[in-house]
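Protein chains: 2
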Amino acid sequence: MSMQPVYIAGEWKTAQASGEFHATNPQTGEALPETYPVSSWEDCDAALDAAAKAFAALRGLPAGAMSDFLEKYAVCIEQNAEALVSMAHQETGLPASPRLGDVELPRTTGQLRQAAAAAREGSWALPSVDTQTGIRSALAAIGPVCVFGPNNFPFAFNSIAGGDFAAAVAAGNPVIAKANSSHPGTTRLFAEAAHAAAEEAGLPPGTVQLLYRTSHADGERLVADPRVGATGYTGSRHAGLKLKAAADAAGKPIYLELSSINPVVILPGALRERLDQIAEEFTTSCLMGTGQFCTQPGLIVLIAGPETDAWIETMATRLQQAPVGTLLSQGVAQNLAQGITTLREAGAELVTGGEPQDGPGFRYQNTLLRVTGTGFLTNPAALQTEAFGNCSLCVVAKNLDEAGQVLASLEGNLTGCIYSHAAGEDDDAYARLEPELRLRVGRLLNDKMPTGVAVSPAMNHGGPYPATGHPGFTAVGIPATLRRFAMLQCYDNVRSDRLPLLLRDKNPTRQTWRCIDGTWTTADVGG
Amino acid sequence: MSMQPVYIAGEWKTAQASGEFHATNPQTGEALPETYPVSSWEDCDAALDAAAKAFAALRGLPAGAMSDFLEKYAVCIEQNAEALVSMAHQETGLPASPRLGDVELPRTTGQLRQAAAAAREGSWALPSVDTQTGIRSALAAIGPVCVFGPNNFPFAFNSIAGGDFAAAVAAGNPVIAKANSSHPGTTRLFAEAAHAAAEEAGLPPGTVQLLYRTSHADGERLVADPRVGATGYTGSRHAGLKLKAAADAAGKPIYLELSSINPVVILPGALRERLDQIAEEFTTSCLMGTGQFCTQPGLIVLIAGPETDAWIETMATRLQQAPVGTLLSQGVAQNLAQGITTLREAGAELVTGGEPQDGPGFRYQNTLLRVTGTGFLTNPAALQTEAFGNCSLCVVAKNLDEAGQVLASLEGNLTGCIYSHAAGEDDDAYARLEPELRLRVGRLLNDKMPTGVAVSPAMNHGGPYPATGHPGFTAVGIPATLRRFAMLQCYDNVRSDRLPLLLRDKNPTRQTWRCIDGTWTTADVGG
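Residue numbers (numbering that gives the first Met the number 0), protein chains in the order written: chain H, 0 to 526; chain D, 0 to 526.
To be clear, the hints were calculated from the coordinates, so they are not data collected in a lab.
C-beta: ideal position from N, C-alpha, C; glycine also.
Do not take every clue at face value.
[Unchecked claim] Cross-link-like lysine-lysine pairs, in silico, DSBU-like; alpha carbons within 30 Å at most: (1) K397(D) <-> K241(D); (2) K447(H) <-> K397(D); (3) K241(H) <-> K397(H); (4) K12(D) <-> K241(H); (5) K52(D) <-> K12(D); (6) K397(H) <-> K447(H); (7) K52(H) <-> K397(D); (8) K447(D) <-> K505(H); (9) K505(D) <-> K397(H); (10) K12(D) <-> K241(D); (11) K505(D) <-> K447(D); (12) K52(H) <-> K241(H); (13) K505(H) <-> K447(H).
[Claimed, not checked] For each label pair, taking beta carbons as the anchor points, the in silico distance ranges come out as: (14) A116(H) <-> E198(D): 48 to 56 Å; (15) P434(D) <-> E279(H): 51 to 59 Å; (16) E348(D) <-> K241(H): 41 to 49 Å; (17) G59(H) <-> D400(D): 13 to 21 Å; (18) E312(D) <-> K505(H): 49 to 57 Å; (19) G517(D) <-> P105(H): 53 to 61 Å; (20) P434(D) <-> G109(H): 56 to 64 Å.
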């Protein structure tokens with residue numbers, strides 16, 4: 000079978016390939032038929048040139064062109080929903096329904112439409128006007144953005160359709176998408192829809208481009224290239240940190256989402272009050288997507304006592320009884336097994352699971368581990384190893400102080416939760432532990448598992464390093480996500496007809512929020 | 000004479016010194032009497048520990064404590080103005096009046112008061128409330144901030160009194176200040192005032208600390224330390240990039256202001272219209288502070304023609320006639336001479352100046368160089384060498400296209416200006432050149448030299464790499480500067496009495512701007 004073409008400069012072209020690869024059906028372990036290219040630097044270089052040209056050409060387009068594209072693209076995706084769901088199901092093993100077709104696809108088109116609305120409206124850019132000094136400023140497109148998508152959300156975080164893509168495009172940037180190697184076919188279908196929408200919207204060729212894979216060296220060269228504005232990456236810590244080093248050395252912003260074990264503290268009063276309910280919530284959250292969520296609760300901090308023993312016992316039973324899902328790839332299965340080995344070697348004991356699951360495809364038993372707080376504190380680095388998949392580690396601290404020390408030893412995470420007694424029995428414990436957790440997580444939850452990530456303007460899907468590369472930014476939540484792919488552009492004494500519409504006296508949409516002399520308003524300047 | 004103590008954990012202590020140094024009076028070239036320590040890692044470690052403790056203790060303080068401190072500090076500085084101005088004049092050679100006493104000192108206390116007001120008010124944190132999902136978020140203190148100040152603004156960018164300091168403290172962070180070695184005595188006087196103000200405001204010891212100097216290795220270790228939240232650095236590109244590499248590798252945000260030659264395009268119509276006026280503006284801007292401004296216009300882009308020849312001739316005369324100021328240090332004088340040598344070796348020709356100035360102290364003739372556009376384009380990297388001081392390079396392009404190529408070859412800069420004919424003769428040229436310049440600078444000016452940097456909410460004193468480390472942030476302009484020293488903290492389903500005041504239903508000040516369900520308002524949630 001011939002090799003799939005890459006999408007560069009508005010055309011599907013034969014790749015300048017240095018190799019090829021296949022996707023694998025994780026439910027069977029068998030390779031899928033299509034052959035995809037590993038692009039050489041020539042492809043990267045051509046894409047960078049086309050993106051730079053597109054970026055220059057985008058200046059001449061009407062304000063709404065990117066929004067038109069994003070909206071048309073959402074429609075094209077919906078028109079191709081069946082093919083996308085079927086392909087993604089084959090490539091990832093994720094259920095076609097409800098997960099792919101009824102949850103993730105609508106979320107993806109919803110994100111594209113929200114991003115389109117944000118771009119049209121303009122408030123995301125935090126326009127600021129100082130009438131006294133004649134200085135005006137706003138965020139604006141930073142230049143071509145490289146997007147590297149993860150394996151676990153073939154739609155909502157897809158490099159050519161997901162959150163980073165939508166944000167980068169809505170901020171006014173061309174995107175060079177690098178497909179995740181585990182679902183190239185899904186990404187190809189998206190690119191075909193994007194191609195149709197981009198032509199319909201009249202975008203310059205090269206505004207949206209797709210490569211399937213490059214060598215690691217070319218990936219590092221790509222994110223550091225002078226033609227690039229910034230990069231968005233979601234994936235493994237190891238690969239992400241290599242890209243980060245390359246981008247950092249070139250002074251190129253790179254936004255990373257790397258790893259997170261999402262600590263959940265369950266206080267004794269909460270367990271006394273609603274042990275079964277919390278076990279139910281935890282089971283659902285822990286096993287959702289076979290545990291392959293960025294926000295999967297991988298670390299549970301408990302205080303020693305009869306409630307905690309009972310809860311862990313309940314959890315063991317529930318995890319044994321729950322169906323065992325399919326993992327996304329052989330690599331994920333291997334890393335999960337390796338992660339569990341590392342945790343056990345560092346002192347964690349098996350409560351349940353701990354072996355690959357019999358039968359076809361990539362599966363591993365639902366696994367629960369436990370370690371004492373004292374044990375955790377003897378080797379906190381190893382015991383924070385991310386075992387990405389259907390596995391969690393319970394840390395049973397002997398008392399509140401030890402629990403505090405456990406939290407204080409944690410690296411940065413996306414989320415942190417505290418479950419506490421509804422009527423206040425745990426309030427002192429909460430007050431003791433919350434400050435330690437707060438500084439180490441991007442999103443703090445009460446009485447709620449972290450796996451739901453609403454596309455809300457107030458969402459933070461980010462957190463301190465090494466969960467991400469910078470704790471001030473979020474990868475989910477429009478319009479804040481757009482601000483990552485932007486530079487601050489200030490105008491000082493610039494003649495009014497030379498200002499961008501966003502910063503002229505007249506409010507360009509009558510609805511755009513701008514900060515004029517310290518007051519947020521949708522009025523005109525001087526109006 | 001005994002060594003000056005360092006200020007750690009609220010006390011003046013004998014440094015654990017690995018060496019010592021003196022400041023030099025640049026007007027005489029002679030060493031000043033006081034001896035200052037080069038701190039060993041023990042001092043850094045003690046400061047980091049104290050800062051971490053202070054950061055934890057700050058949570059327990061009333062909301063206005065940091066603002067109280069900043070305001071009291073401004074008063075203490077004013078009370079010690081005479082001593083500060085005298086010391087800074089000795090250490091930097093900058094005129095006591097108007098520069099130090101009448102311009103920079105009021106700007107410094109003004110910044111501290113603006114930062115205090117921003118901290119009290121809270122809008123800087125971009126509080127966001129989504130009532131539908133129950134998610135709320137805002138920026139919040141990131142943790143202890145290291146501040147490295149530059150040599151050229153002993154007050155307004157001082158590591159313990161300047162813009163980065165004010166921003167970091169107002170965002171809620173302890174600061175470890177590293178003095179600039181050229182003005183340790185000025186920095187010591189500030190620290191004494193800060194000490195008094197911090198005690199009066201009841202801040203925990205370790206909220207503000209001062210080291211004078213460390214080894215380069217310890218500086219790199221400092222910015223990468225787990226106890227650090229972030230770093231602000233203003234100074235040379237070479238030293239800054241070493242700190243950046245260390246901080247980046249540790250995943251610690253670092254905000255840098257490194258170098259900038261601030262291109263100024265002067266179009267032919269503008270010269271035909273007001274040649275002398277532009278020459279006057281340029282002379283003032285070029286020589287202000289003996290050219291030692293971050294925004295000094297170091298590169299002038301002109302189009303070949305009789306107006307341009309006449310302007311350069313006028314400039315030569317003006318620069319020869321203007322007084323020659325004192326440079327900040329021997330290092331600055333040496334770097335300026337070296338920079339001019341590099342520019343000449345790369346093809347620039349001397350128009351005027353080009354030699355050290357006779358007489359005492361560190362001085363160099365006011366210098367103007369020129370090169371053709373073609374010449375510039377043969378070696379754009381070397382011809383962008385920053386000759387920090389009273390020197391500029393004219394690039395005379397043969398036509399508009401070549402001028403466009405010159406601009407397209409530029410690295411990132413803080414500012415870029417275009418002078419054009421008031422009645423529109425240069426409008427086509429402006430339209431051709433502005434897009435190239437816009438992408439490469441943080442602040443774009445019309446018909447105005449870049450050396451004025453207003454402390455305006457709309458100011459951008461930042462720009463693309465290598466002017467700074469990230470084009471989305473500014474080092475001047477409150478409240479935006481505070482956002483650099485912050486992490487995004489999201490609350491999901493958190494009980495209302497556990498939310499920070501800023502995110503509760505009731506507006507904490509009745510004046511704080513918050514984005515509630517997409518609308519910026521000072522109202523209560525649901526109010």
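A quick look at each hint next to the structure:
no. : hint                            : result
1   : K397(D) <-> K241(D)             : 39 Å, violated
2   : K447(H) <-> K397(D)             : 67 Å, violated
3   : K241(H) <-> K397(H)             : 39 Å, violated
4   : K12(D) <-> K241(H)              : 42 Å, violated
5   : K52(D) <-> K12(D)               : 18 Å, holds
6   : K397(H) <-> K447(H)             : 24 Å, holds
7   : K52(H) <-> K397(D)              : 25 Å, holds
8   : K447(D) <-> K505(H)             : 24 Å, holds
9   : K505(D) <-> K397(H)             : 39 Å, violated
10  : K12(D) <-> K241(D)              : 29 Å, holds
11  : K505(D) <-> K447(D)             : 45 Å, violated
12  : K52(H) <-> K241(H)              : 28 Å, holds
13  : K505(H) <-> K447(H)             : 45 Å, violated
14  : A116(H) <-> E198(D): 48 to 56 Å : 52 Å, holds
15  : P434(D) <-> E279(H): 51 to 59 Å : 58 Å, holds
16  : E348(D) <-> K241(H): 41 to 49 Å : 45 Å, holds
17  : G59(H) <-> D400(D): 13 to 21 Å  : 18 Å, holds
18  : E312(D) <-> K505(H): 49 to 57 Å : 44 Å, violated
19  : G517(D) <-> P105(H): 53 to 61 Å : 21 Å, violated
20  : P434(D) <-> G109(H): 56 to 64 Å : 34 Å, violated
The earlier numbered hints that this structure contradicts are 1, 2, 3, 4, 9, 11, 13, 18, 19 and 20.
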